[in-house]
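Peer 1: Chain residues, written in single-letter form:
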Amino acid sequence: AAGVIQSPRHLIKEKRETATLKCYPIPRHDTVYWYQQGPGQDPQFLISFYEKMQSDKGSIPDRFSAQQFSDYHSELNMSSLELGDSALYFCASSPTGTAWGLLEQYFGPGTRLTVT
Amino acid sequence: AQKVTQAQTEISVVEKEDVTLDCVYETRDTTYYLFWYKQPPSGELVFLIRRNSFDEQNEISGRYSWNFQKSTSSFNFTITASQVVDSAVYFCALSSEAAGNKLTFGGGTRVLVKP
Numbered sequence: 007a008a009g010v011i012q013s014p015r016h017l018i019k020e021k022r023e024t025a026t027l028k029c030y031p032i033p034r035h036d037t038v039y040w041y042q043q044g045p046g047q048d049p050q051f052l053i054s055f056y057e058k059m060q061s062d063k064g065s066i067p068d069r070f071s072a073q074q075f076s077d078y079h080s081e082l083n084m085s086s087l088e089l090g091d092s093a094l095y096f097c098a099s100s101p102t103g104t105a106w107g108l109l110e111q112y113f114g115p116g117t118r119l120t121v122t
Numbered sequence: 008a009q010k011v012t013q014a015q016t017e018i019s020v021v022e023k024e025d026v027t028l029d030c031v032y033e034t035r036d037t038t039y040y041l042f043w044y045k046q047p048p049s050g051e052l053v054f055l056i057r058r059n060s061f062d063e064q065n066e067i068s069g070r071y072s073w074n075f076q077k078s079t080s081s082f083n084f085t086i087t088a089s090q091v092v093d094s095a096v097y098f099c100a101l102s103s104e105a106a107g108n109k110l111t112f113g114g115g116t117r118v119l120v121k122p
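Residue numbers (our numbering), protein chains in the order written: chain A, 7 to 122; chain B, 8 to 122.
Hints are computed from structural coordinates only; laboratory data are not their basis.
Short derived list, chain B residues pointing at chain A, Cβ under 10 Å:
1) Phe42
2) Lys109
3) Gly113
Calculated pairs, DSS-like style, for lysine-lysine (alpha carbon to alpha carbon, straight line, at most 27 Å):
4) B:Lys45 x A:Lys63
5) B:Lys10 x B:Lys45
6) A:Lys63 x A:Lys19
7) B:Lys10 x B:Lys77
8) A:Lys58 x A:Lys28
9) B:Lys23 x B:Lys45
10) B:Lys45 x A:Lys28
11) A:Lys63 x A:Lys28
12) B:Lys10 x A:Lys63
Where is the CB? At the ideal position from N, CA and C, for every residue including glycine.
Please construct the entire structure, taking both the sequences and the accompanying hints into account.
Peer 2: In C-alpha cells form, the structure reads like this:
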C-alpha cells in the first residue's frame, strides 16, 4: 500500500539558511499535518491543512511557513535557520473522518534536519 | 488544553516477558480519540491502535492489548511475550475534533527487550 512520502530524508543546512521540506500524502487523504520532534522529545504539532486550507496552527515559529497544493502535497518552508531547528520533521496524512469519528494519522518516514 | 503523561521513561525486560505501558490523559472534550504509536530506532512512527472515547471495550490484537478506563483517564498498553524487535519508544497520543484533530503526544516510554 502507498505510504506518506517525505523528501528529502536528510538535510544539512547552516545557520541563517533556508530549507524546504516536502510531503506527499497517501492518495485520497485530504488532510496533512506537520510535526517537529527534537532529540529525545515527543513530536510537537506545527500546522495542518485540510483541502488546501490551513486548518490549525501550533507552536510554529514565524520563520516557518507551509502550504498545501492542488495535488494535496504540502511543503514546509523554513527560513533563517537556527541550531534549535535541528530535529526530525514528520508529515502525517489522514482521510476525512467518518461518522464514527477520527481516523488515524499515517506518518511519513520523516526528514532529519541538521543545522550547523 | 489536552495533556498526555507517560510516567515510565524506560522499561527493560527480558524476551518473552510481558510489558505494560502506562498512559494518563487530560481533556475537557467529551469525544476524543486515543492512540499508541511505536518509534523504532530507525525513527519512523508506526500506528498501533486507536480507541474512541465512547467505546471502552478492551481488545487484544495479536500480542498487543489495551486497557481503556475512562474513570481514571488511563489508556494502558500491553505487549505480551515481548520480542527483541519490540525494542522501541512507544508514544501514547490524544486527539479530538474540538482540538483540531492534531495529536498531542506523551513523552514516550523507551522499551528495551533483551534476548
